[in-house]
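Residue numbers (our numbering), protein chains in the order written: chain A, 6 to 440; chain B, 2 to 419; chain C, -9 to 367.
Mixed in with the good hints there might be a few duds.
[Said to hold, decoys possible] Sample of chain B residues lacking proximity to chain C, with all beta carbon distances greater than 12 Å (derived): (1) Gly116; (2) Glu193; (3) Glu262; (4) Gly313; (5) Glu348; (6) Gly360; (7) Arg402; (8) Thr415; (9) Lys417.
[To be verified] Label-pair ranges, simulated between beta-carbon atoms: (10) Lys257(C) - Asn342(A): 41 to 49 Å; (11) Glu94(A) - Ala266(C): 57 to 65 Å; (12) Asp118(B) - His135(C): 18 to 26 Å; (13) Tyr93(B) - Ala90(C): 36 to 44 Å; (14) Val179(C) - Gly116(B): 28 to 36 Å; (15) Asn342(A) - Asp263(C): 40 to 48 Å; (16) His240(B) - Arg67(C): 41 to 49 Å; (17) Asp280(B) - Glu232(C): 50 to 58 Å; (18) Ala266(C) - Asn342(A): 22 to 30 Å; (19) Asn187(B) - Thr112(C): 26 to 34 Å.
[What the hints assert, rightly or not] With a Cα cut of at most 25 Å, we get these calculated BS3-like pairs of lysine-lysine: (20) Lys286(C) - Lys336(A); (21) Lys258(C) - Lys299(A); (22) Lys337(A) - Lys297(A); (23) Lys142(B) - Lys157(B).
Since the hints were made in silico from the structure, they are not lab data. Note that the structure is predicted; figures quoted are calculated from it, not measured. In this text, a Cβ means the ideal position worked out from N, Cα and C, and glycines have one as well.
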Amino acid sequence: MDAPMKAQHLGRSIYRLGSLLTRNNSVGTAGERTTCLRLTAKKLHNPIGSSRKPLLLPCRQLSNLAEQFQAASDARRQPVNVHTVFRTEEDDPIQQSSAQEGLFYTVPEGEVKRLFQKGLSVQFTRQVKTFNETCFMVRKPALEVIDCLKHLDLNHPAPRFLLYGNNGSGKTLTMAHIIHYCYRNKWLILHAPWPSDWNCRYHETSPSPHKAGRIDLPVEAAEWLVNFRSQNADFVRDIKLSQRYVWTKRETAEEGSPLNEIVEFGLNRMKFASDCVGAILKEVRNQAAMHKIKVLVAVDGVNAFWNMTTIKNPERELLTADQLSLVHNYKKMLLSNWTHGAIVCSVDAFANARDHREKHYPHYLLGKEGYKWLDPFVPVHVPDYSEKEAYSCIEYYLDRNWIQHEAAQTEEGKKELIFLSNRNPFQLMRICSSK
Amino acid sequence: MATSTMRRLCLLKVSRKLARCSTAVQERCALHTSCMVSKAEDSSSSSVSGTSITSSAVPDNLIKGSMQPKTFTKAQKISRAMQAYMERAQSYDKMIKKEIDEYDIGKRHLANIMGQDPDLFEQEDVDRAIEYLLPSGIFAKKARPVLKHPYEVFPKRKAAQFALDGRPFHSMFYTGKPNFYSLLLNVSMKIEELKKQEDKLIRKGLLHEEAEKKLLLLGSEWITLPSLKDLTLEPLSEHDHKHFTVLLGRLTEHPLAFKEEEFIMKHRRKLMLQSFAEDVPKPMVDDQGRAYITASGKRKTSIADVTVWTKGTGKITINGQSIQYFSYITHREQILSPLQLTGRLGEVDVEATVEGGGGTGQSGAIRLALAKALASFVDTDTRERMRIAGLLTRDVRRKERKKPGQKKARKQFTWKKR
Amino acid sequence: MEGMSSVRKLCFAHFRLLRLSFDQTAQSRTFCREAALYQRSRHQRNITEISEEEEFRTYEIPGLKIKDDTRYKQRKRRQIPPPRYRQMPIDQDWTNVWPAASTFKWSVVPFPVRQGYVETATENDGVIPPKYANAELMKIPNFLHLSPAHVKKHCAALKEFCTEWPAGLETDEACQKHFPVEVQSSDYVFSGPSIRDPRARTVTVKLHLSDLELDYHARDKFIRLVGDCYNPDSDEVVFTSERCPLKRQNDDYIRYLLTAIYFESWKKEAWEDEKAEEDMEKYFWEISKSKDTVIKLLQTTKEIDKASASAGDQKLQYLPDDTSEESLLALKEVQEYRDAISECMNDGEDDNSISKYGQAVRKLLGIRGGVNTEAAS
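With the rest of the complex left out, here is chain A:
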């Protein structure tokens, strides 16, 4: 992507904001619209790169309309609130503390590619692509869980953390933040990005070769394997199998061979991918007990494990998620009968069926069975943005030129955005985008 293209990309202007202000022009509240492009030899911000690096951009060099627009909007920007801090230099989640709360930190490109191939929402991924950088906000729930992980006694049975909160309050991103911390801290990550997909958005099903009555999802299992391999590239090489696995008469995984072998096998023989997932989970559980590694189990929308699937058995009855071999194996990881690890899950109303989405509380979403399975867990509330966080987020969007309306610079404009979004992160994102 060359520079002008990027600029054009950013040039998407959003006029949602302040539509009311412009409407009330007659009353006399709205500001004037400046139509001319005032191009002076001012210091202009580079729209793409870091905004902290000023770039001198003479008029002649403005090649296309998007750049001119960009430059003009930058030039017009009032010096109000420019110095509001919304970013932190502290890119390492290990070092972050409540001092950085409400600020954005940038995740390096390479780590994003490695860690978050699957784990982020579609809307956020799109935004990341547009902004050309991945920024997470340092928020209290993530700091809380990370702090707990820091003080964890790994010899004890793995504790369970359950993130809960409103729709769009940032549970997935909190989890991503935690995963990032664990990655930096050399944890092995068992991440199930959205197991609700296993229930209803599967590609194909096949009966399990390992146990009759179970259903395999080969494609999903393979996807998980790929994600696992990219997230834990080092561990996959280092961990040696503690037992022999026999897939067929000819195909076996010998004791002492690296974990990578199972992953490769699962990807090559998709039929056994689900069983490979089971084997990996079992191995990881055993290896953790042998004090070799720290394990993070992360499941987003864990309540999907106790839901119905859309798969039908030969008797035309809907199966429960329990009958999927993937879910069955993963559920074993959620019990605290193993050590040297931690379990971080989130409950999400969207992982439930449409008629069970009224509340966002754990017991309601998990149901009796799920609650019994996870109890005792540490509930971690993921709230909507606080005042500071909301302003910080708007500043970030302004910095990215994502909001281009002049009124967004003003205090009233920001208040309007906060009012309309009710400080809900997802709502704020939606309101500030054209979609």
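Guided by the hints, dock chains B and C onto chain A, whose structure is given.
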């Protein structure tokens, strides 16, 4: 003989015209009944039907001192028409008098029924008593039982427009709308007068001195057709009203129009100051010393009750939920608008209960209720701005009904040739 | 007197005519004969008259001579008296004139009330229709109400049938306390041929559950037995019966029902002890799986702590050496956890109860960190 026939024919024409006028007079328009001063002394007591006053149609036996129809002179004929008019006026007076008597006695009866003092029984007491004794749930208030003074019940009539000799008082009598046309004439005379004055000033070179003086017409509009009818007591059409406004507009456009300000303002109606007039409820104070007020609003089929507290944190509750009760941004913006206009965003707490209708209706209802409540907290200037912005006005639009033979309210079925 | 007789005659003639028409078949021939006889006799009489007068017969052109129409003149109608209200004195006693609520009568109501919607000046000359023959005023909602004087008079008349309100039942609370069972039924009065109404048989009995003497088990059983009749929000039990044809029978049935259910709920059958966790009326932590999990978890943790040689601050300090179930259950941390989870399950979840639960779990599992941020909020 021939001449006399001719004369008779002429007379007939005149009297027919007269009759037409008098019927028109009877149909519409009012002058205070007290204006009905009897101009002729020799009024007879017999009654004549109002619509048949052509000379041939009047029955002989009804005219006092009946004469032979063939020997009527012009004066006699005219006096007969006048006589007929006087008779009608008298019978009307009589009827009104009777009605008034009955009203007075009835009022005393009503006071007796309600066990109150008849001498202190006012019209408000009468209305209250009627509502108590004859309760009616009819939607139109006009259609409910009433007991009113006959002056209010019977429409007023115009007095005689011509003297005993048959000559109309007004020079424009034969136009049919003498008052109206004299008004128009008056206006055009004034325009001419102003033109003359302007010429004079131009000649003296003093026109620029008068340039600063302007006629301020803001905040008022020309009187409507019904009020114009009331003013002239004549049946006027839309077209007449247009004529009137155009002519007066021409007068106001004149640079010296301010000289006729008094005359012009007589024909204009004051706008505005509506919300000044209506008294805004005063906020109450709760236990924590916060002022609060409750207001209700409607839109489509939704009804909302909104309570607004000052010194708040900007918390919004709608049926126990946050602003996310509305999933569309447009609906949230509806609620935002009054807060934004008054500059109270983030300063007041709002609690709303709303029921009925859908998102648009509910948000609109909340908006109206919220604006009404906020109006109690803001100064008059802001309130006026709110009113002009339409925040304090109920949106009366409703869903249009579906029509048979059509798909929706307006949409037609697909047309197929066969 | 003369008038009377003429009337009687007329009646007779009429009666004869009627008879004639009734048995026409029998007498038709007779009638014909009689008619012919009558004609003949009349003719003869005419001849004799003419001969008596001896005058020249004139040709009468029909329509030229003025007929004597006195014969056809109608009888005088009875003079309609002026409406009653004209004779009323202004200080009359209205309750005597209009003793009870009834339909509007224009001739009795002494004030010129008007009703009707007049849209334009041309309609009815712009005048609201007066009360005479005004159907609008006669419609049901417009019946003339009783005046305050009426109400006073009616109350005075009813007073002798009233008994005194019992002492000690002045307030609603006192009534509720002394008469906790409320029986409702309705009687219907209407102008029909039957005095019965099927709706009259319905009987409703209401009582508050707290007014019954029940222990925990009996209360639970009572609620289960009555099912939908119990409203937990108002703590009210409502029985309604219309199964029997008579009100009395329904009343008896409900009384029987209430008695039977009450005594039944005090009984405890042997099978009631077999109640499993799912059958419980609410969440009991002691029999739940949660208890087993927690005990097992704590026991494992203690074993690990014992085995490991690491520093003391990493261990769960509060755990006693004796890890039997009883000693663990007696621990403060476990009890706190029990209360927290019971609150969550029984009183419903909210942010408050969940955070309480979180605190309890943190203490139970000895999870450190993240607390200061929690406390900051």
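In rising order, the numbers of the hints this structure does not comply with
1, 15, 16, 21
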